[in-house]
Amino acid sequence: MNAATVFGLLATALVGVGLYGFIVNPQPLRKILAFNVIGSGVFLLFGAIARRGAALGLSGDPVPQALLITGIVVAFSATALAVTVLLRLFDETGSTTLSSGPAPSASDPDPAKARE
Amino acid sequence: MIEVFHLVPALLIGALAVYTTVARDTFAATVGFIAYGLMLTVAWVQLHGVDVALTESAIGGGLTGLLLVRASAKLRASEAAARAERPRASTRLAAAILAAAVSAGLAIAVLALPDPAPTLAPEVLANIGPTGVGNPITAVLMAFRATDTLLESIVLLLALVGVWSLAPDRVWGGRPGPRYNADPDGILAFIARVLPPIGIIVGIYIFWVGADDPGGKFQGATIVAAMWLLVLMAGLTDAPPISRRLLRAGLVAGPVAFIAIGFAGVATAGAFLAYPDGWSKPLILVVEFALMPSLALTLGLIMAGAPERTEAASPREAAP
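Chains A and B, in that order, give the protein sequences.
Under the numbering used here, the first residue of the first sequence is numbered 1, with each subsequent residue one higher.
Under the numbering used here, the first residue of the second sequence is numbered 117, with each subsequent residue one higher.
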């Protein structure tokens, strides 16, 4: 197994772990964190594909590698915005719950709300 | 033997990802995420993506990690209530099955990737000559796909506008973040005096070598921004009020120069962001030099956060 396969398979595992955390962890900050784990898995998968494109003395395909740099910066921008929204929500309401009911209940875990 | 150097980091990264997901305490999870980001850097080096490794360690692990750790410390009071919302075992099981299915599907795709792999490396090498830069990734970022880089710098600016717009009305135009008060004789203040001269040189060096070797403006700007944050957190200086015109001009200077050169390309080379023959390297340098300070300022201010105090900040309190 070469590096591209090992880290390609790791990347698939990271996407799965991140997705599980995204659904299961109720805290919005944990969802942002899980979103970053999913993102890094996607980046790593793309990086493994870039490595497979090594040719003519280059150690990898430079086009995906350049797109990855852009992707990491954009993911940081989205994370920063999400964290600031969350902190403002906490300042305004004193709580960070995403639950719509009056009392926190276990029956309404809606991960989609974390992205809005 | 070589495989050990792939498998050990891979196992460590996987274990850290699981830890950040299952750790009970959110603060612990975010600290785990920083370690995870640093270990990912090793994976990127193993994949020979040194430019990406620099970006991942600086932005993916460093800045994102700092952002999450700081937020988790502020949100500590909400932890107990959130734990009560933990979904039932059946939901968790369904989530685990879904996640495993997604992973398995991706793994099948990874193992079935075409061989030989498709690559744009020959096209990049065939056209890199006229751009005048030696690092193929920089050539892609600044010449072949300069639109991406332009939009990326604007995305960062929009993120900053988004962060600022979350300020309460009464402090609009004020200073971001709290006024940090560290012991002026403490280790933090000491490091904040010693490290920045070195860090700024390293940041500018990484920026400069990006033309021919791994590095570039985003990685360099992140290091410079980190030095500024260190000085801020040590209480040696205060963040500027966001209403300051000079500050805002500095933020948009880089993207504006990039756009201007892009439109100049319409007149001189027939397309937006095209460079006329023989002018590629100088124009790329102008864009890079204009972007780097704007990027450092934008990244630093995004990290500093939304305005929390009015412009007339309270005088510094005596350190305990």
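Keep in mind the hints are simulated off the structure, nothing from the lab.
Here the structure is a predicted model, which means the values were calculated and not measured.
Heads up, the beta-carbon is just placed ideally off N, CA and C, and yes, glycines get one too.
It is possible that part of the hints are untrue.
If you anchor each label on the Cβ, the simulated ranges turn out as follows [said to hold, decoys possible]:
#1 GLU427(B) / GLU92(A): 34 to 42 Å
#2 VAL124(B) / GLY94(A): 42 to 50 Å
#3 GLY94(A) / PHE405(B): 19 to 27 Å
#4 THR353(B) / ASP91(A): 20 to 28 Å
#5 LYS397(B) / GLU92(A): 15 to 23 Å
Structure-based check of each hint:
no. : hint                             : in the structure
1   : GLU427(B) / GLU92(A): 34 to 42 Å : violated, 23 Å
2   : VAL124(B) / GLY94(A): 42 to 50 Å : holds, 45 Å
3   : GLY94(A) / PHE405(B): 19 to 27 Å : violated, 46 Å
4   : THR353(B) / ASP91(A): 20 to 28 Å : holds, 25 Å
5   : LYS397(B) / GLU92(A): 15 to 23 Å : violated, 51 Å
Hint compliance for this structure: hints 1, 3 and 5 are not met, and every other hint is.
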